[in-house]
Structure formats: structure tokens, C-alpha cells
Amino acid sequence: MSKVTYIEFSGKQHTIDVPVGTSVMRGAVDNGVPGIDGDCGGECACATCHVYVDPAWLARTGTRTEMEQSMLSFAAGTEDNSRLCCQIAMSAELDGLIVKLPEGQH
Amino acid sequence: MRADGVVIVGAGHAAGTLAAGLRQGGYTSPIRLIGAEPLPPYQRPPLSKAWLKGEADPAGLLLRPATFYAQHDIDLRLSTRVAGIDRAAACVHLGSGETIPYEHLVLATGSTLRRLAVPGIDSDGIVELRTEADAQALRTRLGPGVRLAVVGGGYIGLEVAATARGLGAEVVVIEREQRLLARVASQTLSAFFADFHRAKGVSLMLAASVTGFATAAGKVTGVMLASGETVSCDVALVGIGALANDALALAAGLVCRDGVVVDEHAVTSDPAIFAIGDCTQRPMPRYGRSVRLESVPNALEQARQVVARLCGKPMPAAEAPWFWSEQYDLRLQIAGLSFDVARTVVRGDPATARFAVFHLDADNRLQALEAVNSPAEFAAARQWVSARQIIDPARAADSALPVKQIIESVPGAA
Chain A
1 MSKVTYIEFS
11 GKQHTIDVPV
21 GTSVMRGAVD
31 NGVPGIDGDC
41 GGECACATCH
51 VYVDPAWLAR
61 TGTRTEMEQS
71 MLSFAAGTED
81 NSRLCCQIAM
91 SAELDGLIVK
101 LPEGQH
Chain B
107 MRADGVVIVG
117 AGHAAGTLAA
127 GLRQGGYTSP
137 IRLIGAEPLP
147 PYQRPPLSKA
157 WLKGEADPAG
167 LLLRPATFYA
177 QHDIDLRLST
187 RVAGIDRAAA
197 CVHLGSGETI
207 PYEHLVLATG
217 STLRRLAVPG
227 IDSDGIVELR
237 TEADAQALRT
247 RLGPGVRLAV
257 VGGGYIGLEV
267 AATARGLGAE
277 VVVIEREQRL
287 LARVASQTLS
297 AFFADFHRAK
307 GVSLMLAASV
317 TGFATAAGKV
327 TGVMLASGET
337 VSCDVALVGI
347 GALANDALAL
357 AAGLVCRDGV
367 VVDEHAVTSD
377 PAIFAIGDCT
387 QRPMPRYGRS
397 VRLESVPNAL
407 EQARQVVARL
417 CGKPMPAAEA
427 PWFWSEQYDL
437 RLQIAGLSFD
447 VARTVVRGDP
457 ATARFAVFHL
467 DADNRLQALE
477 AVNSPAEFAA
487 ARQWVSARQI
497 IDPARAADSA
507 LPVKQIIESV
517 PGAA
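As you go down the protein sequences, you meet chains A and B in turn. So for the first sequence, my numbering puts the first residue at 1; every next one is plus one. So for the second sequence, my numbering puts the first residue at 107; every next one is plus one.
Keep in mind that the hints are not guaranteed to be accurate.
[Said to hold, decoys possible] Here are the simulated DSS-like cross-link-like pairs (lysine-lysine), alpha carbons at most 25 Å apart as the crow flies:
#1 K155/B - K306/B
#2 K100/A - K12/A
#3 K419/B - K12/A
#4 K306/B - K100/A
#5 K3/A - K100/A
#6 K306/B - K159/B
[Claimed, not checked] Short derived list, chain A residues pointing at chain B, Cβ under 10 Å:
#7 N31
#8 A45
#9 T48
#10 L72
#11 E103
These are computed hints drawn from the structure, not numbers from a lab. We put the CB at the ideal spot given by N, CA and C, even for glycine.
Input sequences plus hints: build the corresponding full structure.
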């Protein structure tokens, strides 16, 4: 297990154990964290799992895929540290990851 | 005494999302989720794709972990059928005879596959694909050299054809209409998918009507066509569309018309009863009509409307309908509905398997867009369809122009 801290737009924090190999989106959905929808089930088709990766973790979470880049380019409030978190798989080196959630996913 | 809480009939994608969303939204009254299938709410889209191919983790199919419901005080009753709704008494009757009272009732009963009423349809080896159990039955039959006949060239049929080819099966797709995806896609898209499937070794038989199934010892051996031809097969998948499960609503006297009629916020003709997902006939003000949609985003949008209503939160903004399909390494994404289309414009070259089809009305407003391996066009179109954006056909067709610049210099563009 590796821990992820999800910070809602309101500031409320949720620290969740997410199994290695499981996506950061799935970790939130499985545990009922409000603010991450994951409508398409993790297919990178819907852009409803948008998060802002804490800058300290950005390098370790890798780079956006081309598909993800395209979906994010039209999402509301996209920043340099925006990711679709269905595309971030948990690993031991991401233990402690912090992501912030946008105001909405739709 | 008045009952407290919500009863959700159905435990599919819409229902599961609703139950979880209610708890996330702070709903504290009882939630009872009643499903006919033995599984907790799960995702159906992978059943014809990664899951059928054996690439997906079985637990990953579930919308939420099986333990989620008890943890969040959601009373999940599986393998349970609802026999009727008593609106006067505000309760539902279960098949077992038990009665469950409700304050609010939500019908999330989904759809049922259309049956092909021809001789031999009940033979062994003829399968359909709606549930996880259906997918299990199909998966155990597919493999290298197996001859699969797909009856119906719609999304389910084509997705299964693609997956089956990946598993080494020989595949024939039999479609009654002149083209694949005849009801749901443009000519350009139909022709593209036909070419692509043929190139992958799928045989297509268009304008071919099925008259029955040939059998031996109760097992299917072929599909008989009106032309007199018989297509030999070991397995036949029938995917010819679905019908709304609105029988409970009809019996309860709710207004139904090809689905349970709801308003823009998923309320039926009884203000205490909502309906969400495939079973609904919903208004679509963007197109000035009412529609019945079979799609996950539609189900989730309506689930969120009910969450907003029952949790006293602001109603979410209306979204343009959207759809997706995956076949081979192709990703198809569709935004909008192609009503009132005066012209279509193709951006990119279908021969490269990367293109988009713009559907414009008489004023060049974007009604819908079909995108193959073109996520930027799709993402833009979701916004443009909602905004009734006017598109310059020449700019749309100019694939050298970045997507964001398609709408620049159009008078009145945002």
C-alpha cells in the first residue's frame, strides 16, 4: 500500500491507502472521495478525474500521454501540474503523493 | 408514518453512482439498492472490450469495491426482483412478497436486449451481451479458430468482432441495413469502420436479413439468411439493439413513451419518483426534442441530478451527450446528437485512422462530432455543441489549423 492525500477544493483532506498498481482515480472512487468522478472508468475518455499534482511530486508522476494532453487542453482550469489521475498508477515511490482537486469535474 | 429514505430499483451503473453520490453529498437517510443481478453495481462498457479479452482484473469491473456499500450504510440487495410499485402506499413489493416503503423512489431499471424472433434462437451457442454473466458465457466460447457470427453491426457487435479477432476467432458480421452503425453514425464513419474491420479479416455481410439459425443436436451450426445462404458458425452473438425496461413504471401508471418519461431533472410524472439511465425518455432542450439514450455519461448525468435534488445542492449544468467506443487500437468518441444536420465536414483523412466528422446545421452550428483517434477535436466539440457554436466549414476541414483556432475569427465566437 502507498498513501495518497487528496485535498478537496474546500481544503478537506483525505489520506487513503491505494494499492500499488491501482490508479490514483480508482483509489479516490473506491473510497468515496468527493470531487473525482472517473465517469469513463479509467479509459482517459472523459476528463472527470482532473487533479493538480503537488509540485514536489510532479516529476515522479511522469508526463501526460498524448490522449490525456488533448483531453486536458479543453478542461476547465487546466494548469501546468494538471493530470487526469486515471493515468497515474500507484507505485512504491509515489507513497505520500499529494493531489489537489479542482472546483468541479463537469 | 411516512417512510424515510430512498429506494433505488436496479443496481447498474446509474444506480451505483447514485447511491455513492448520495452518501458523498451528505444524504443521511436510508438508501436501499435493489438489483436483479448477483453482482454489485459494475461497469458494462468493458464487457465487450478489455474484460472479454481477459485483460481486465475481475474486481476492477465493479464500480466500487463490494465492501463499499455496507461501509457507507447502503442496503444492497442483489438477486432480488421488484414485482410492483404501490404509489398510493409509497412502497415497492419484492418478488419474495416483502414490502419496502419509500420517501423517494428511483427507477434505474436499464434496458433489455431486443430479441430476434426467428426459429432456432434458443439454441446452444447463441449468446447476447448485456450482463457480466453473458460476457462470461461468450468468453468461454471464444478462442483461436472459433467461428463467430455477429448478428447486428452496431457498437456491441463491432466491439465484440474486434475483440474476437484479437483472440484469434474467425468473424462474420451480418447487418440488416446497407451499412454498419446505420442508425447511429455518419456515412463516413460507417464506411471507415467497414474498411477497418475488413482489413482486420472480418467478413461483412450488409443488407442481409437473418431468417433463422441452423442447428444440430440443439447447438447452433449456422445463421440462415433471406438470400438462402447459411453462414456456418460455432457461436453466434446477437446484438440488435435494446428496449427500455419500463414495465414496472407502466404498471404503476407513470407516463411512459419508449422509456419512462422524465423532466430535465430526472423526475417522472410522479414527483416522488425519479428515473435515470437507459430506461428514461428525457427532454434534450439543446435539440428541441426528447430522446432515449443508452450511454454511461447519460446515466451518470441523471444520477447527479437526483443527488443534487435529494441533497439540496445546485443542479449541475446540462451537458452535451457523449459516447465512446473502442475497437482494435481505434478510439471513437462522439459528442452531441446528429439531429437537424444540413452538412458534414471531414477533418483529417480516414485512411490514416485519425479524423473527425463535424455535423453542422443549416446555420453551421455544431450539432455533433464523431472523432476517431482525435481526442482534441472531441474535447473541443463537447463545449462547442453545448454552446451551439457556429463553425466555419473551411476552417474545420483545415487540419493544419490547431483545433482551438477552428473557431477564431468566426463572428460571435466565444
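Here is how each hint holds up against the structure:
1. Proximity of K155/B to K306/B is assessed by CA-CA distance (about 16 Å); at most 25 Å being required, the pair is judged to hold.
2. Distance hint between K100/A and K12/A is fulfilled; the C-alpha atoms sit about 10 Å from each other, no more than 25 Å.
3. Straight-line distance between C-alpha atoms of K419/B and K12/A comes to about 18 Å, which keeps the hinted pair within the 25 Å bound.
4. Distance restraint check for K306/B and K100/A: the Cα-Cα separation of roughly 43 Å exceeds the 25 Å cut-off, and the hinted pair is therefore not satisfied.
5. As the CA atoms of K3/A and K100/A are separated by approximately 14 Å, the hinted pair is consistent with the 25 Å bound.
6. Distance restraint check for K306/B and K159/B: the Cα-Cα separation of roughly 16 Å lies within the 25 Å cut-off, and the hinted pair is therefore satisfied.
7. Annotation: interface hint on N31/A holds; nearest CB of chain B at approximately 8 Å, less than 10 Å.
8. Interface hint at A45/A: satisfied, since its Cβ lies 5 Å from the closest Cβ of chain B, which is below the 10 Å cut-off.
9. Annotation: T48/A was flagged as interfacial toward chain B, and the flag holds, the nearest CB pair being 9 Å apart, inside 10 Å.
10. A cut of 10 Å between beta carbons decides the hint on L72/A: the least distance to chain B is about 8 Å, and the hint holds.
11. Taking 10 Å as the C-beta contact cut-off toward chain B, the hint placing E103/A at the interface is violated, the least distance being around 12 Å.
Checked against the numbered hints above, the structure breaks hints 4 and 11 and satisfies the rest.
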